[in-house]
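J.: Chain by chain, the residues:
4 protein chains.
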Amino acid sequence: MSDRNIRLESAEKRAVEDQEVEIVERKGIGHPDSICDGIAESVSRELSNLYLERVGKVLHYNTDETQLVAGTAAPKFGGGEIIEPIYLLIVGRATKEYDGEKLPVDSAALRAARDYLRENIPELDVGTDVIVDVKLGEGSGDLQDVFGEETEEVPMANDTSFGVGHAPLTETEQIVLEAEHALNGARYGDDHPELGTDIKIMGKREGDVIDVTVAAAMIDQHLDDVDDYIEAVESVREFVTELASEYTDREVNVDVNTADDFDDESYYLTTSGTSAEMGDDGSVGRGNRANGLITPNRPMSMEASSGKNPVNHIGKIYNLLSTHIAETVVAEVDGIRDLQVRLLSQIGRPIDEPHVADAKVITEDGVTVADIEDDVVAIVDRELADVTEITRRTIKGELTTF
Amino acid sequence: MSDRNIRLESAEKRAVEDQEVEIVERKGIGHPDSICDGIAESVSRELSNLYLERVGKVLHYNTDETQLVAGTAAPKFGGGEIIEPIYLLIVGRATKEYDGEKLPVDSAALRAARDYLRENIPELDVGTDVIVDVKLGEGSGDLQDVFGEETEEVPMANDTSFGVGHAPLTETEQIVLEAEHALNGARYGDDHPELGTDIKIMGKREGDVIDVTVAAAMIDQHLDDVDDYIEAVESVREFVTELASEYTDREVNVDVNTADDFDDESYYLTTSGTSAEMGDDGSVGRGNRANGLITPNRPMSMEASSGKNPVNHIGKIYNLLSTHIAETVVAEVDGIRDLQVRLLSQIGRPIDEPHVADAKVITEDGVTVADIEDDVVAIVDRELADVTEITRRTIKGELTTF
Amino acid sequence: MSDRNIRLESAEKRAVEDQEVEIVERKGIGHPDSICDGIAESVSRELSNLYLERVGKVLHYNTDETQLVAGTAAPKFGGGEIIEPIYLLIVGRATKEYDGEKLPVDSAALRAARDYLRENIPELDVGTDVIVDVKLGEGSGDLQDVFGEETEEVPMANDTSFGVGHAPLTETEQIVLEAEHALNGARYGDDHPELGTDIKIMGKREGDVIDVTVAAAMIDQHLDDVDDYIEAVESVREFVTELASEYTDREVNVDVNTADDFDDESYYLTTSGTSAEMGDDGSVGRGNRANGLITPNRPMSMEASSGKNPVNHIGKIYNLLSTHIAETVVAEVDGIRDLQVRLLSQIGRPIDEPHVADAKVITEDGVTVADIEDDVVAIVDRELADVTEITRRTIKGELTTF
Amino acid sequence: MSDRNIRLESAEKRAVEDQEVEIVERKGIGHPDSICDGIAESVSRELSNLYLERVGKVLHYNTDETQLVAGTAAPKFGGGEIIEPIYLLIVGRATKEYDGEKLPVDSAALRAARDYLRENIPELDVGTDVIVDVKLGEGSGDLQDVFGEETEEVPMANDTSFGVGHAPLTETEQIVLEAEHALNGARYGDDHPELGTDIKIMGKREGDVIDVTVAAAMIDQHLDDVDDYIEAVESVREFVTELASEYTDREVNVDVNTADDFDDESYYLTTSGTSAEMGDDGSVGRGNRANGLITPNRPMSMEASSGKNPVNHIGKIYNLLSTHIAETVVAEVDGIRDLQVRLLSQIGRPIDEPHVADAKVITEDGVTVADIEDDVVAIVDRELADVTEITRRTIKGELTTF
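Protein chains in written order, with this note's numbering: chain A, 3 to 404; chain B, 3 to 404; chain C, 3 to 404; chain D, 3 to 404.
Note that these hints are calculated values from the structure, not bench results. On a predicted model such as this, the values are computed, not experimentally measured, just so you know. Ideal placement from N, C-alpha and C gives every residue a C-beta, glycine not left out. It is possible that some hints are incorrect.
What the hints assert, rightly or not - Computed from the model, here is a short list of chain D residues facing chain C with C-beta under 10 Å:
(1) 296
(2) 352
(3) 360
(4) 369
(5) 371
As the list claims (entries may be wrong) - Sample of chain D residues facing chain C (criterion: CB under 8 Å; computed from the structure):
(6) 158
(7) 204
(8) 390
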């Protein structure tokens, strides 16, 4: 056992699953805020890989500030068009020169954004529907120095920051998360080209009744008329209702596009499948936390993880790591109903030695904290020791940040 | 008593003041994220007033997306200079025409930003040190219709959203909040022109020991050399230490600018008093919550309140209102050690009738929830009924959002 | 014969071909100014066609202000890269709404620019090497009204403006023009991928000696080393020398890339074949006149023809038309050594009735002005009557503007 | 006498004053193109002075590409407003670092633009009516090296370029130039706040009849109604008519704002006195030549002089110098009716030794070229020797470029 400062204590409250009211939200990948998160993180990966390839280590950068300015569209059944393009500004700092060699960070950022959009929001034609611009400054001299060491070593914390993770997900959380994944994934999406990527799902549980509210942008060219639209909305409703039953035995009510007003011929109809085409701006860190959800019932970090440097940005690393630790502990140790892991950094100490690693557990009936304490602490210790794995997996794109 | 759905229950956990570890943070008004919050909110007020003056009611807008791209500076003792300007992009939607009359929303937004900067970050010369740009689109047609009613009526909730507020502040929270106010206010600032506005304060309490870490940008032209700098840092340390003692009897340790490295001649020295001049980008909603703090020990809303339309943006209104209700209840009712008020909206119902108004209380020793229930519920009911007062006070600038 | 005010007079000076010193210049299609001209004109064609397709007539627009901000590149033998992208801002006015229908002018402009670049400067990867942005405002209300008539009618002149054209080209003019066409065309380009599109040719004739100076951007990926470069330069020199001999019997000296400094390893080496990648900005109307040349020995119009509305912009139409008339006259009438045609508009009169159509001729030996006057005037009259053909051919892309 | 290659020959044609048709144009200082010229040149001066002050010599820069994107305004009698701001993008190259010191070129450019606008177009409130943005890149490495020498030496020509100047001005040219100066100057402007700075004057002379067409933006806040407007227009007409009589005995007809349509209530009314507020974009080098006029009857250089580096940009220097020489010769030598001076550079030779200095003269009756040849050549020689004086005076702002 290491001498890391790891604490396990009882949470002394009810598990979120057992609280009276629970609220959960997820913004799908086509939501303007998520588009920004996705681009910021993809730019980050591209820069990490560029630096690794060119100079053998990741240099200083932070690209966590993409701003999306909504466009104007004229959707109509059968196929409308985008009138004014979406404007995307990639903002951040990056090291532009190393050992006398200039590094193409701007071009790399633009390429990453374009590739991300083509892969994830293919309905948007980059260059005509979306203008991608970039303003990457150079970081301050001091910060650039910090990255002199090789990435194999455990870097020092450069800030006082913290991360927090939870496991397991509640039923409501699972429904919200998995519904968006399924709708935007092959399971539903392959047969439903009319469903856009901008899907916002809110789950609200009061006691044993779960209300799931879905706002789903429909794509005009795949819908001939309002009947098609109604059918598409109903199809989403049925799908989510069925999917929810895989995760809960509670009563589930699903509503889709409740803001539609058929009298006013006002539907959630889009040309590109995202509200970014018309009126909804977006930016990084305003949506999902690192576990993919917004969970007001749980402590959350305000940190925008997407786009941050995964080598030394302690807030990003600790958010991803604490989530990973919580999930790992729950997977390996029986008897846990709710676990929160919080990591607090200390400036100037290696990041595998947090100031406090603070786990709050709610055990299942018949299990005590003492029963599981050694196992939990050992796992926390092991995963902390392996912190640089978080960096490696983030660079490879194996971990999501939103 | 109304038939509003107001619930009061015991929080069934320890008050934050009594938890083992507590973390609190505040980004001062000159922090890049706060600059964006401040501008977004000031643009919002300007637009509200423009619409009221021109057409007698507040039209549709949302200006909650200001993006700041950091500049480049060359600070030096005795006075350095800004080399490349900060770039500020005001983003949002606004109604640009009403009844055939064009409304100068872009010019109003630019004026608001300029006036805000001159008032709050006077060291920045707008136009040379800062470029302020603006991209305000028109909202979707549907949304514009929503605002057809007069603002005197209680508007309908246009989204499912929630707000959360707490009272009273813990000692650590008070110290963090008041220290920034005092440092940036007349109490300290008047005699200390060398202290910049970009002050970030983190409070960490473990048991009965409070560590306060201050990162304070110093302004070069008021410091002749490193000795002056050291003196300025020490002065902040002493001031905060003394101020903290007004709020707590616990042990308080204050550190200021811990990242300085005197061997490398690396100090937190700036030309303008904000790190936005060199390397730190910013955007709206990434910093302080509506009560001025980031409080990971408490449930927080991810909603960016700054810049949102105060007439009908339910997330903004409920964040401000729940904070106001919590403070009012604690001020009027004795025996409360910790109170959380959460408001959940329901689309299509008047905003003074939330789906749930959900208060969780921790009473002081000798007081039961039953003792105070009627009083608390009555106050919540009264303040909900008066919800449009939140709008009015926000437009007048009497409520802060960050 | 019409009653158009057509005058033919003797020029009373020596033909340019016979003057002692003659200077001629052409900026090739990859020159930053020509890139802007090309994009502006291609945006103009796209908008004309968009309007014709959607509403049956060309609405008000002017897109004659594209601005190019150079990028940064790191060329090297064997293949370098672009570090910071070129930024292209399309500027102008366009009608965005007609009869309640929104028209996608921004998207159309972006598409036109992208297509133009892909077709003409294929070495630039649009989206990573070039950012294309657009700011198209709405014209003033008055101007929009002007276009209410059908395009079949002859529109009224909306400005006092003039155009000027010449024929035939001198030997030096032909050499400069044709050399660029051949180098950038199939004749040379197909076998010489190492030659970029940014070719600037200056011809200077003193008496019977013609000096042709070529600045030709070479593309790094097709050149392994400096020997390859030297060979590529020499190849251009030989080609232009040979081509020149097709147009003149005078002595011709050709210099290519005279600014190279082999001692300093300073060559005209680029990654993309245009100096826009590194340091050379560009804008519309700063380069070639409507006949493809800059000819200080001849009167020129300062009008930027590229991007102007070809339906009613009198400066553009008269520049194209006067050039066309001069060429037609010289093709159909024998005995002309030098002809200048100048058209001056009069506000409020149909554009086929210029205030003055003023032709100055220098006849060949043995021919008098009187000999050819009737023929010349008849042709001028005929072509003026057919002025809308200029508009039609411009929209079809059959006429070049730079 | 030096061995400079100076040639004087007879122009062998009629003086412009004696030609049948003459056209002259001037865009006043508030015209969008002139605003760009003025800002570009003022940025240039600021950078020259910055470099001189900081490093003792002028470093490499070129800032000849300011782009203006028009705003939107809602003028009305008694006072309207600007709705969407004008956007000004300063574009160019500048040396940003020298001997390890960073130089604030961006801030300097922004300050210069702001000061220029405040001084010359005071009706525009910089920051709300106009957004000034800047994109200054670094020049290519080679070019930066060129400027290693001290500015006291005569620099080498870095390009093959030419400049052309004329004197004396014809009557029509004088009227056009002086009318704009007087209208925008104290003589008329002091008593006529209603007259904007965007004044475009076209002079057309046919034989002995001069038509002067003035387009003059009127400022709404100084005009209560259409009667005031009509009076203001008439006042300009009378003033220009009277002023013209100081320069000519020919018949002069003056028209002002001929595009007004009183039936449609369409006047040339503005809020700021420039059409840049509504629909008219602008850029550098599209308007007046270095002598302040557009003169299609005379050879003109296409070179945009404004914003170019006055130390080594040979096109700018030779345009200013040739104009200066022509004026000086005419001032000092009697008997010249029309003089054109053309200077052609040769790459790599000192700029005081042009490849050719080529003067074409038309003498007055009774004077032969031989009579004046020695005097003219001596003056040309003397002024060429003093070429660096052009640079010095340009940096001091004593020479205008548009």
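J.: Evaluate each hint against the coordinates.
T.: The hints, checked one at a time:
1. 296: Since chain C brings a Cβ to about 5 Å from residue 296 of chain D, closer than 10 Å, the hint holds.
2. 352: 16 Å, violated
3. 360: 6 Å, holds
4. 369: This hint is violated: residue 369 of chain D lies away from chain C, its Cβ roughly 20 Å from the closest one there, beyond 10 Å.
5. 371: This hint is violated: residue 371 of chain D lies away from chain C, its Cβ roughly 14 Å from the closest one there, beyond 10 Å.
6. 158: Violated, because the Cβ-Cβ distance from residue 158 of chain D to chain C comes to roughly 11 Å (cut-off 8 Å).
7. 204: 5 Å, holds
8. 390: 23 Å, violated
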